[in-house]
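Novice: Given these sequences and hints, build the entire structure.
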Amino acid sequence: MSALQDTRTALDALMLQHRVEQFYYAEAALIDGRDFMAWLNLFTDDTRYLVPIHRNTAVNEFSDSLGDAGLAHFDDDKSVLQRRVIRMASGRAWAEDPPSIQRHLITNVQARQLEGGELDARSCFQVHRYRLDREVEVFTGARVDVLRPDGESFRIASRTVYLDHATVLANNLNVFF
Amino acid sequence: MSDMRFGDVRSLCDMNEGVLSPLVFTDEAIYQLELDRIFGRAWVLLCPAGQIPAPGDFFNTYVGADRVIVVRQKDGSVKALLNQCRHRGNELIRQDSGNVKAITCTYHGWSWDTAGSLRSVPYEDIVFPEGFDKSAWGCVQMAQVDTYKGLVFGTWDPSAPTLIDYLGDAAWYLDTPLDRFEGGMELMGGVNKWIVKANWKIIAEQFVNDMLHPEMTHISALIASVPPGADMSNMQLPVTGRQFTSPQGHGMGLWTDGPILDLTLGERVKHYLVDDSYAAAVARVGKARADVQAAHMTLFPTGVVLFGFNHIRVIHPVSVDESEIWTWQLSPAAAPPEVKQLWAKNSQRAFGAGGLFETEDSAVWSGIQRTMKGAIGRRHPFAVQMGDRVNRGPDPDYPGRVTQRAYSEVAARGFYHRWLEMLTSENWREMDRAAQARYAEGGHQ
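Protein chains in written order, with our numbering: chain C, 224 to 400; chain V, 163 to 607.
Source of the hints: derived by calculation from the structure; they are not laboratory data.
Heads up, a few of these hints could be off.
[Stated by the list, open to error] Here are some, though not all, of the chain V residues that point toward chain C, as calculated from beta-carbon distances under 7 Å:
{"#": "1", "residue": "G351"}
{"#": "2", "residue": "G352"}
{"#": "3", "residue": "S382"}
[Unchecked claim] Partial selection, computed: residues in chain C whose CB lies under 10 Å from chain V:
{"#": "4", "residue": "R315"}
{"#": "5", "residue": "D343"}
{"#": "6", "residue": "V359"}
{"#": "7", "residue": "T363"}
Think of the CB as a built atom: it goes at the ideal place given N, C-alpha and C, for glycine as much as any other residue.
Specialist: The following block contains the structure:
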């Protein structure tokens, strides 16, 4: 009986891991396929999308390095995310015309149940962006999400993106992470 | 052109005719001359004072291509030290910001106090048996550092005019964002940095001069910012305003009407700016300045202030064809907390590295730089000719040289006039004489 329970628990964990990974792969495909409206729909209406700014600190201040309170690359609610999507979809966002080619590689996925049914889901990413003839930029970082179950899938109730750059080594952050 | 002579530079920049050679954006010798003659002499914006509030607080920045440590002293004043060990040249501080009691080199352990005086040399008795004069080896430091209404500036040149003289009439305009609110301005968080593959002047020139580009360049951000379902057909960017230029090369354009703040800052913040705080602002800085809703300004060479948005930036010329942009947000210290937060967030949503407006600007700037890689793209001059070329006389409301509308290139010509004077003059007296001569001739227009 106990062995059966252990097996069931292990299978549940495997299934959860599989579902979260599949969710992230599908999300990455939406961004890379430039289906930004569908991507936006993955977020709950009360979502918060935060990309703090990293700072090069002394070693003993490192825990303080992930973001200066009060200033962030992105600190958006759904309506602001929607504006960013509308801009991209306007056909007149010249920085993305011709569109850059983006590839979101998602890895190091970890998920655990929170009380109340939501998930704490963590992942790492590498985004490769190619634009015009020879502009290549690589963004790496980590994401900490709260995923809210939605039928067989999830919606993103909050996302914090930790970019691995203090100075953004790119012309712009015209990228969704 | 490895041996750029001043005569050559003069032939590349004729602001009386309004023609500018692309070479000023691509030539390595000109860039090296700029580092020496402009960034080695001008008052350069270092950071908001709020970046270093307490004694020992430091901020690691650039002046030109040099790394500089801006550090708050025990008496509250500020010093700016070259981030270079006087012994064998190692970087002294590698962190972006923080607090120090002493500055100790990680190579051989020479250690300076925050005022830049060399305090200790390890094994001094052994390695200098004949004695060593530590007082001769203080940190190289900026000759003058001063603060104007919460912005810290510095110059390497002891013979440079005072900061207030260097700012000239621009100081009156600067009070619009910096001194409009009782209680002053507060720094919101830290600094946002990114790189743009463009010469620094391409970026500085836009903020000194260009109110015209938003309708074309930023159409996608404008579309995204209007309320859903709004009728765009009657939307027009404001035309009521002024452009300001000055002998020191500072310049700006300002708007006194229009929808730009509603679209970018939102109703709550705009309400605070143009309604809640208006009467107090009129009493404090007068109607002409209280009426300014939005403005762009470059303080020659690389300090940028966006009025209305409370956005501060410095453009660092890290190489001839690449710049770093560093931005900060200020909010009125006395405003309600939610207004302060929203102000900073909405401004960064427009003008941060991922800003709805900014991303198109950086694409244009790097696009300009790309067109100048070839010999032909560097051969033909650009037109800098918009706007009134005739001096219309003093403005009743706004000091200095101003046009009667915000769309012009008078301020760009003023910027490049000063750029050339600073590159080719041996000293400040020569620079001032040149500026006086062109103003007397009306050539500033």
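Novice: Compare the structure with each hint and give your call.
Specialist: Do the hints match the structure? See the list:
no., hint, verdict
1, G351, "holds, 3 Å"
2, G352, "holds, 3 Å"
3, S382, "holds, 4 Å"
4, R315, "holds, 4 Å"
5, D343, "violated, 25 Å"
6, V359, "violated, 12 Å"
7, T363, "violated, 16 Å"
The structure is inconsistent with the numbered hints 5, 6 and 7, although it conforms to all the rest.
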